[in-house]
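The primary structure of each chain is shown beneath.
Number of protein chains: 2
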Amino acid sequence: MSLYNYSTKTFTINGRTYSPPNAPTAVICIDGCADEYLSTSMAHGCMPNCLRLSAEGYRGMVRGALPSFTNVNNCAVVTGLPPSETGIGGNFIIDHETGEEVMTNSSKYLRKPTILAEASKSGRKVAMVTAKDKLRELLTKDMHGIAFSSEKAAEATLEVNGIENVEKLIGAAPPIYSGEASLYVLRAGVDLIRRGISDFCYLTLTDFMQHKYAPSAPESLEFYSGIDRYIGLLMDLGVVIGITADHGMNAKCLADGSPNVIFLESELRKEFGDGIQVICPITDPYVVHHGALGSAVTVYLQDILLRDSIADWLIRHDGITEVYNREIAAIKLQLPSDRIGDLFVLSGRDVVLGRSPEYHDLTMLEDTLRSHGGRYEEMVPMLLSRKLNCNYSAKASADPRNFDIFDFVCNGGN
Amino acid sequence: MSLYNYSTKTFTINGRTYSPPNAPTAVICIDGCADEYLSTSMAHGCMPNCLRLSAEGYRGMVRGALPSFTNVNNCAVVTGLPPSETGIGGNFIIDHETGEEVMTNSSKYLRKPTILAEASKSGRKVAMVTAKDKLRELLTKDMHGIAFSSEKAAEATLEVNGIENVEKLIGAAPPIYSGEASLYVLRAGVDLIRRGISDFCYLTLTDFMQHKYAPSAPESLEFYSGIDRYIGLLMDLGVVIGITADHGMNAKCLADGSPNVIFLESELRKEFGDGIQVICPITDPYVVHHGALGSAVTVYLQDILLRDSIADWLIRHDGITEVYNREIAAIKLQLPSDRIGDLFVLSGRDVVLGRSPEYHDLTMLEDTLRSHGGRYEEMVPMLLSRKLNCNYSAKASADPRNFDIFDFVCNGGN
Chain Z
9 MSLYNYSTKT FTINGRTYSP PNAPTAVICI DGCADEYLST SMAHGCMPNC
59 LRLSAEGYRG MVRGALPSFT NVNNCAVVTG LPPSETGIGG NFIIDHETGE
109 EVMTNSSKYL RKPTILAEAS KSGRKVAMVT AKDKLRELLT KDMHGIAFSS
159 EKAAEATLEV NGIENVEKLI GAAPPIYSGE ASLYVLRAGV DLIRRGISDF
209 CYLTLTDFMQ HKYAPSAPES LEFYSGIDRY IGLLMDLGVV IGITADHGMN
259 AKCLADGSPN VIFLESELRK EFGDGIQVIC PITDPYVVHH GALGSAVTVY
309 LQDILLRDSI ADWLIRHDGI TEVYNREIAA IKLQLPSDRI GDLFVLSGRD
359 VVLGRSPEYH DLTMLEDTLR SHGGRYEEMV PMLLSRKLNC NYSAKASADP
409 RNFDIFDFVC NGGN
Chain F
9 MSLYNYSTKT FTINGRTYSP PNAPTAVICI DGCADEYLST SMAHGCMPNC
59 LRLSAEGYRG MVRGALPSFT NVNNCAVVTG LPPSETGIGG NFIIDHETGE
109 EVMTNSSKYL RKPTILAEAS KSGRKVAMVT AKDKLRELLT KDMHGIAFSS
159 EKAAEATLEV NGIENVEKLI GAAPPIYSGE ASLYVLRAGV DLIRRGISDF
209 CYLTLTDFMQ HKYAPSAPES LEFYSGIDRY IGLLMDLGVV IGITADHGMN
259 AKCLADGSPN VIFLESELRK EFGDGIQVIC PITDPYVVHH GALGSAVTVY
309 LQDILLRDSI ADWLIRHDGI TEVYNREIAA IKLQLPSDRI GDLFVLSGRD
359 VVLGRSPEYH DLTMLEDTLR SHGGRYEEMV PMLLSRKLNC NYSAKASADP
409 RNFDIFDFVC NGGN
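Sequence lines, in order, name chains Z and F.
For any residue, its number in our numbering is found by taking its place in the first sequence, counting from 1, and adding 8.
For any residue, its number in our numbering is found by taking its place in the second sequence, counting from 1, and adding 8.
Simulated from the structure, these hints should not be mistaken for laboratory data.
Hints are not guaranteed to be accurate.
Repeated chains share a single entry, so a pair holds when one copy, or any two copies, can fit it.
Claimed, not checked - Under the rule of at most 16 Å between Cα atoms (straight-line distance), these lysine to aspartate or glutamate pairs were calculated in the EDC-like manner: (1) 116 to 374; (2) 340 to 150; (3) 340 to 320; (4) 116 to 105; (5) 403 to 264; (6) 395 to 415; (7) 340 to 326; (8) 403 to 316; (9) 17 to 126; (10) 176 to 163; (11) 395 to 316; (12) 395 to 64.
All of these numbers come straight from a predicted model, not from anything done at the bench.
Taking the hints into account, I'd like the entire structure generated from these sequences.
What follows is the structure in structure tokens.
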């Protein structure tokens, strides 16, 4: 029995109806959490709570949105929709209205309302806590509730964030380039729920650690131990928990440890002339993570008549795994066709695509390159604290998506 | 210290040099072992030995060969080569020399010598034990040693199998349509190693249980408990162990539990005329597993001029994820171009491709359809009992393949 009553009023948004549980509810997006991070940490005894949660509830795999980047998947998760509907098909796009290269860190680019906003309207006390401030405003479009980041916790005001004195409440905020930046998000979730300040949380972390460390690195095991401790605290509080990731993570290196990059704009210009522009949709303000190198890019062509021969040249290129024209990319990868180029290109498990050597400052990379964006970072874990009911059990074994997580958490329990 | 000395003579085959460990060595291929089977079984406490093996050694993901079928991947594993080199790109192909549809269950189709044969020549006591007899002769081309199946254990003779009285040695052989058929292979491995009859084993199971049961089904958990017990016995014997899978496994059902099939030959003939033949490379003698329905097919065309318009029609088809012409399939999927059709087609995580309703006897299916063959069954686990040395640790975090397993086991240890 819970001490409080929680609003169980159903609400409908973006074509789905949600029945929130009569319990505090938390959806956690562990940024960059390839399933191997969980498996390895569990094998090393670092995640006893998650191991128990998996046995008592559910652990399986879900398919994320492509390209497997942060903004793309966080927008999908908070709306329950693929990028073709959200309009967010990259962290970095060409705005077709202005022709300018822009980061999609503003809710003006988000084309659909969010589950979070609708949950707040229905009477839940919603909180959205993110590590990176870039996601805060984007993911809380029209939401009444609490929204702040570890990165700018100290600056939170009642007016903008729905909360103030965050550091007094939760503790001193850590630097953004740290594992602590993620753990602080979880600690905030625990504190907000324990104090009754929130009962419906979206907690989205940063992949700084996953970019930096492989699953078996001691630093990674310690980080996941930390995540597990907070998940244990949420379990103790009786929180209904759903955990997923925005994307996986793979090493993208040659044998000597240097980045395994195809500088696609340089190569294409050499072959087909200057009228070619490559956009790297991983680009974001957090440069030490990945140097703007990921496993998906989109290509704009001045001369559309070159499209098919360039596509044929690309698919034969070693390290490139999939090539689609705009129309087929919109269908097969569920992308917004007005916000991608004439071609959309994915690369292999250990390969990243770049623009030109000059464009990417690899001296900013602190370690060997680990990154994401392609097909091999598409599948991510989903963990649920409650056993699934019959319908959602069938759904979980079909082709569930990471952006079904609120649906599973609200509607999937027994 | 071991009681015996084992031949550590290096040998070179198919472009790689192997240094077998001075210890009994076993490579296990858990047929159809999607990583979720391990994760779920471990979470339920059913695989304590594998959990310990993962912590003491290595657990990660490797990329299998496409199409993700049994013969394709077992041939790749025993040669260390992709299907483009082995010639085995399906369980079932059109032999371009005769024009006949044939099963690839004979070593006459295998284009390269095996690691097993070479290990036996170098002085190791090699044993190849398989659940399904179809793989026995195929995988032991030119091998001197022991080779038998659970399926036909009772019929083994010294002349054909290098061993006789198998049931006296190992116990009564179980029926092929059972989990016991796989456990018997592992029991044989333990017995042969314990008695000093073999010191270099390849143990390849059957995916009957994975086709039948999802990871969290009690029957599956019990089956994996059984696997884990034998792995524990191998660990106790000081065996150097490598574990991988030939392919993953996913449910391929509609919401009502019926198979989610695209009957591609029927649909294509309706659209483009009768000169179209679809070959289902999953086809094998074991019909209750999957009804010859998998997530990859190849398409032969009488009129090659139709190829590009058919490819365009296919890629727009809901449920179809990838379409390649013969030349690009040979490059991108590493397939033998003379043994595939004019187009090669993959389908989604919950979708299978068939020929026509008449061709597939779905009444043979005992349960809801679970199958494989496509991109979403490509990634499989790799577990190693020894910690990796520096070179192989880097290799493991690049784009390792399931057919690198003998390399990892022989050369990867510290």
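Hint numbers not upheld by this structure, sorted from lowest to highest: Hint check: 1, 2, 8, 11 fail, others pass.
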